[in-house]
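Colleague: Got chain A; can you put chain B on it based on the hints?
Protein chains: 2
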Amino acid sequence: MQVNNTLANIRIVLCRPIYGGNIGSVCRAMANMGLSDLTIAGTGTFDMQDARKMACWATDILDSCRQVATLAEALADCALVFGATARMGLYRQHTRSPREWAPSILASAQNGNVALLFGPEDDGLSNDDLAQCHHLIRIPSTTVYPSLNLAQAVMICAYELYTAGGTFEPLPEKSPLAASGMKERMFAMWEQVLLEIGFMEPDKAQHMMLGIRRVFARGALSEDDVRILMGIARQTRWYADHQRAKPQANDDSH
Amino acid sequence: MQVNNTLANIRIVLCRPIYGGNIGSVCRAMANMGLSDLTIAGTGTFDMQDARKMACWATDILDSCRQVATLAEALADCALVFGATARMGLYRQHTRSPREWAPSILASAQNGNVALLFGPEDDGLSNDDLAQCHHLIRIPSTTVYPSLNLAQAVMICAYELYTAGGTFEPLPEKSPLAASGMKERMFAMWEQVLLEIGFMEPDKAQHMMLGIRRVFARGALSEDDVRILMGIARQTRWYADHQRAKPQANDDSH
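Listed in order, the protein sequences are those of chains A and B.
All the letters of the first sequence, read from the start, carry residue numbers 187 to 440 under the numbering used here.
All the letters of the second sequence, read from the start, carry residue numbers 187 to 440 under the numbering used here.
The following block holds chain A by itself, in its conformation from the complex (with noise of 0.2 Å):
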């Protein structure tokens, strides 16, 4: 609840975006991340049929999304701007990632908004545009192509301030890790039934052990897994013993 409203003070900014489709796309990331305000600074018109696609089931955001003339007025209820780039040069030295940066971010949103600004496609955001940045945010990316598409760009941001928040918690396993002694059982089952099969002599079993232990502990083995290993092992033996008292039992294949 707490991290929620503070995700509901962060604010998306776009200045003077130019494709529908971005900002579709931007709405459709902020709804994945649990963002929701978006507000579009600049005079430009898009296509809304591209944003209304590119959104999705993210309508709402896209719906209640609001267009501003200027930056100013987009930023002036909020307490601190982040603003993205990608270029270096004059007012650019002092940028951080958005890993770096999400913990101030989430912390100051709990007092008050705090905006991230994004520019437009061709160029980024201008240097007007980031003197009225507090700070710099700059995405990882190689330097033979650094420049990001717009809703990407959010999107990265978004899901840093989400991961950051700490509310996605990955499902637990729902079986535990095995432990050794659960793991021992099962290779002394594996071991009688290879031998009864007749997978390997006797005097090879603790040769050929080594490589089936070897085999399964390649991956970390859940205690279903164990059963389901066990279960063959077991059911092995079974037909194994079945076969040999009825070799022709035909009349069991149903």
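Because the hints were derived from the structure by calculation, they are not lab data.
Since no wrong hints were added, every one of them can be taken at face value.
It does not matter which identical chain is meant; a pair holds if it fits inside one copy or across any two.
Using 25 Å as the maximum straight-line C-alpha spacing, the simulated SDA-like pairs for lysine to any residue come out as follows:
1. Lys-369 <-> His-320
2. Lys-369 <-> Asp-427
3. Lys-239 <-> Glu-307
4. Lys-369 <-> Leu-322
5. Lys-390 <-> Gln-421
6. Lys-239 <-> Ile-204
7. Lys-239 <-> Val-254
8. Lys-239 <-> Ala-272
None of the values given here were measured: they were computed from a predicted structure.
Modeller: Same frame as chain A, now just chain B:
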């Protein structure tokens, strides 16, 4: 160099993608994050013009993209296969986030090809697709709107791999943070000049300076910042002295 080779061994596999625009956006995201091996599994056709438009400058990845009929062909030379899924259910319990998986993916990619699998835009990976995956990735997102755009999902995975690779180094601050002693000298200069120009009375100076200290404590001041503030104090003092000495010194104005 090591990491670049590692990233070269990571293959993005799109299963039966529908929209050319998304495929182009995937190319751009890959270029941003240092990936280059793109394979499309499925016999479908897509709008190449949309793809080229969204790929922007990353058309080399689009041009060298391999299209194969089946997923098995796409994965034939891969040692390890990761599937990205937002849905829960059968086979989908053991998911981890891209940040959790990144170190193992990079480690495996040092010795062989690793594939990251992404399903079609409408339905995601099918159970048959998932059966070909060794591990599952789930991107953190809100529960109300967990479905990411295909290219956004690829971007977040690629971004986590690029970041975990550690090749990106944020530009160092040009100027280190100012030490306390330097800041104290600056405050002393300001106190003196603010008294001199009559901004504050001597009996209120201590109180006023507390307020001024608070203002500058809001941000971490670098040595350059402090030098600028010292310069303002020095210049103010010079101007105050100068004005007092030559109140009509209009000849100094050019």
